[in-house]
Structure formats: structure tokens, C-alpha cells
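Novice: Sequence:
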Amino acid sequence: MKRLAYLLSTLCLLFAAPVQASKVDVLSYYDSPPFHYSNEFGLVKEVMSLLDKHIEEMDFKYKVVSRPLLNKLISNIQRPFIIPLVNPVWFGDSNRQKYQWSIPLYADSNALLSHPSDPVEFKGYQSFLNQTVAVPSGYRIHFLDDLVNKNKALRLDVPTIKTLVEKVAQKNARMAVVPYVLAYHQVQTNGWQDRVHFSKRPHQSYKRFFMFKNASKQQLEFFNTAIREIQENGQLERVLKKYGY
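According to mature numbering (1 follows the signal peptide of the UniProt record, and there is no 0), the sequence shown holds residues -21 to -1, 1 to 224 in order.
These aren't lab readings, by the way, just hints derived from the structure by calculation. The reader is advised that the hints may include incorrect statements.
Derived pair list, reagent style DSS-like, types lysine-lysine, alpha-carbon separation capped at 27 Å [unchecked claim]:
| # | residue 1 | residue 2 |
| --- | --- | --- |
| 1 | K221 | K77 |
| 2 | K186 | K196 |
| 3 | K40 | K51 |
Quick caveat: nothing in here was measured; it's all calculated off a predicted structure.
With the sequences and hints as input, model every part of the structure.
Specialist: Right, here's the structure in full:
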């Protein structure tokens, strides 16, 4: 009887013990508002904070790195890590077989920017034919990269989003491809509403996911469950509206 009581008390302690969260790096290459203002504030940080409240089993460590550095880290890091708010196509994984992916978080688009004095409406790959297009450094750009490889277009890689949008505003670049919310933020913040034209047709529409590497099946399940919860309870929608979506 004493032995049974001891076993029962031990089981109770085990079930009552707090969950030991595993550390997971969150490596974001977004270094510009509204995705990132500081390590404590920005769209990526707020989305991760929402998910953190629903996932006791994972302890997120948020870091910002450049896209070129991130490309190198993907091949070398052995511990679990997450890349937030990205699309499989940008990492050469359109079939989602090379890396691990969450369910979609939300829909977004890339904007084609030009100056109002020489507005460009996006009409597909022909809009880039024999053109120089300013783009964020290290980003994969649909249509453009194929034309560049065939020597039928040039891409101008620009290190910061502000500088990229500013090039269009100052007529130093005829056109640029920028994630919509990043371009919108720069235009509003810098008062460039009459100096930057947004094509009515976006360059590309896509969904944003979380990319995982070295994660367990259970970690993916925890994460996807949390995504569904913040989508269904309206928390995600409120955060997205706050940042211009």
C-alpha cells in the first residue's frame, strides 16, 4: 500500500511539473519598419509574442540578421530555428519539400513602385524586359531573376528599404519591387505620397509562412495550433491592422 501511495504521489508531481520549453531561434531578415523597429517592437516581434502566449513548449529567441547571412546560416545551423513571415518560393522550395513549413499565416503582396512622372503599371515579365529594377538586397524577385539570368534585365540590389523607396522618389531608379507594407510605411513616414506611384496590379501576391529547420514534428504541431488560435480569435487581424494591412 505504501509503495502504491509513493507511486501515485510521484506521478502527481510529474504531471504537476511545469513544461520544460526548448529554445528555438527566430531568425528574421526584416530590419525595417513596420516589420522591425527594435528587438522589442515591430510586426514580427508582436506576432511572435502572440504565438509565444499559446506555446508553452517553445522558448523563442528573436534575432535580426541580413538575408545574405541568413542564407549561409540555413546550411550551417544544426539546432532548431524559425524564419518568420516568408514564402517557400523565396527559398527555392515551392513544393515545400526542402524545408519544414507552417500553415499559412496571412496573405500579402509585393508592390511595383515608380515615379508619378513616369508611372509603370505591372503587366508581367515584359514590364522588366530590358529594364534596371531596384530590389532589396538578397531577395528573390519573380520574373526579374529569370530575365537577369538571360541577360535581358538588370537588378540593382539596395541594402535598405528606405533607400530603395527613396531612389524611386528621387528618380534615381525608374522602378522598384518592394513588399507592399514596407513600401507603404516608407511613403507615409517620409511624405512621399506625391513622389511614389503604386502599380494597381501588384508584382506578386503570396502567403506568408514560417519556415522551420531541424524542428520536431511535435513542435510543428504546437506552432500550427497556435497559428489557428490567433487567426480564429481575431488577435492576428488586430495586429496586422495596426501595422498597415
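Novice: All the hints need checking, so say for each whether the structure fits it.
Specialist: Structure-based check of each hint:
1. Of the supplied pair hints, the one linking K221 and K77 is violated, its CA atoms being roughly 34 Å apart against a limit of 27 Å.
2. About 22 Å separates the Cα atoms of K186 and K196, which keeps this hinted pair within 27 Å; it holds.
3. Only pairs whose Cα atoms come within 27 Å are accepted, and K40 paired with K51 is accepted, the gap being roughly 19 Å.
Consistency with the previously given hints fails for number 1 only.
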